[in-house]
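The task is simple: from the sequences and hints, build the whole structure.
Chains H and A are the protein sequences, given in the same order.
Quick note: to get this note's numbering, add 387 to the position in the first sequence (first position is 1).
Quick note: to get this note's numbering, add 387 to the position in the second sequence (first position is 1).
Derived by calculation from the structure, the hints in this document are not laboratory data.
Worth double-checking, as some hints may not be accurate.
Because identical chains share one entry, a pair is satisfied inside a single copy or across any pair of copies.
Lysine-lysine pairs mimicking DSBU-like chemistry, simulated, CA-CA at most 35 Å apart [what the hints assert, rightly or not]: (1) 548 with 472; (2) 472 with 483; (3) 500 with 478; (4) 500 with 548; (5) 472 with 500; (6) 595 with 478; (7) 548 with 595.
What follows is each chain in one-letter form.
There are 2 protein chains.
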Amino acid sequence: MAERGILAVVSGFAGSGKGTIMQELLSRYDNYALSISATTRAPRAGEEHGRHYFFVSTEEFERMIREDALLEHARYVSNYYGTPKAYVEEKLSEGKDVILEIEAQGALLVREKYPDAVLLFVMPPDVNELYHRLKTRGTETEEVIRKRMARAAEEAELIVKYDYLVINDDLDECVARVRTILQASHERTGRQAERLNTIKEQFKLFLKEEK
Amino acid sequence: MAERGILAVVSGFAGSGKGTIMQELLSRYDNYALSISATTRAPRAGEEHGRHYFFVSTEEFERMIREDALLEHARYVSNYYGTPKAYVEEKLSEGKDVILEIEAQGALLVREKYPDAVLLFVMPPDVNELYHRLKTRGTETEEVIRKRMARAAEEAELIVKYDYLVINDDLDECVARVRTILQASHERTGRQAERLNTIKEQFKLFLKEEK
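Below, the structure is given as structure tokens:
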């Protein structure tokens, strides 16, 4: 049986580059799986069911809530978004490290259910750089960018609750840092309760035989 | 100014191979420093002052205790052993990761003074392997080996207080795992309070200007 994977939650400001980092991680290594969210909103052009999202009806989503089938969920405007538990559990037991790319409120909910989850926050080296990145995307109006900056300022208050703060100054270095953090997380004592019990039993047996 | 180093505390049963792992780490990379203990016991053949230990008088050692110049200390039989703070602080501010190779009681005392310290426990894959390693050293009587095993069984109760449990099955892999853990520790949010404050200040300024 494969060693159970790590549950890693990755958050970051819009414009932090976290999406690109996760894509790189998934394309370079085969021990990671990206969790796919469920949503009640309609698919946009090019979005595929089971790849970008699980697109479900409101009835279906509310049934998942009732049956505790979601790791976390939230409602934005009139749509639900959430993380289906089954997919995450399946990948974890296959030994994959599962990455959840969700925002801070959801991240903290996940930690309540999975105390061993590793929480990473990704951000650019400074605030001006963040503004610059949003600006050069060229897809949003100045007003939308200002709203995103105000939201980022709010999110910044929650970073202290994350285990790791990863600065995205250089893509390759950042991917390497995230990988290092996930690798180290496998050795945490909290994940090795079973092994510890085995060791204690072995000592008991050994010392008994010795008498 | 160099980023402050990590304080890493490494413990392990006698026979765990932790000494060899630390030597390898120090010889392969130049960003580590090994803390040198102070002791009141007499030097053994081949031991050098300032390399293996700082050999000091009992008066000197007790003065260090009074002046809070030790990170931790303990008395075994009639001798004192302790970790001088000045050397550790000097290396940390040079940006070196400082490794303290001490036993569990001392490790937990260090954590009280340095909450950001990273605690690693190294052990062989299982208890029989531990016995086997002590046995094949050939330097100790069966009685001494049995005492060490009994002591190891006691220490095993404290492993749960460590951050990481590293299995020493293969030297190279184990060195790599320890290095990964130390590298990841640099990104911990708890170490980046200053950066977080800067970011929050930058957001405040930015949002003020935007109004």
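Hints, one by one, checked against the model:
1. 548 with 472: Result: close both inside a copy and across copies, 23 Å intra and 30 Å inter.
2. 472 with 483: For residue 472 and residue 483, the Cα distance is within 35 Å only inside one copy (15 Å; across copies 42 Å).
3. 500 with 478: Within. Shortest intra-copy distance 17 Å satisfies the 35 Å Cα cut-off; inter-copy 40 Å does not.
4. 500 with 548: Answer is both; intra-copy 15 Å and inter-copy 22 Å each pass.
5. 472 with 500: within (11 Å within a copy, 40 Å between copies)
6. 595 with 478: neither (41 Å within a copy, 45 Å between copies)
7. 548 with 595: between (45 Å within a copy, 26 Å between copies)
Comparing the model with each numbered hint stated earlier shows that hint 6 is the single one that does not hold.
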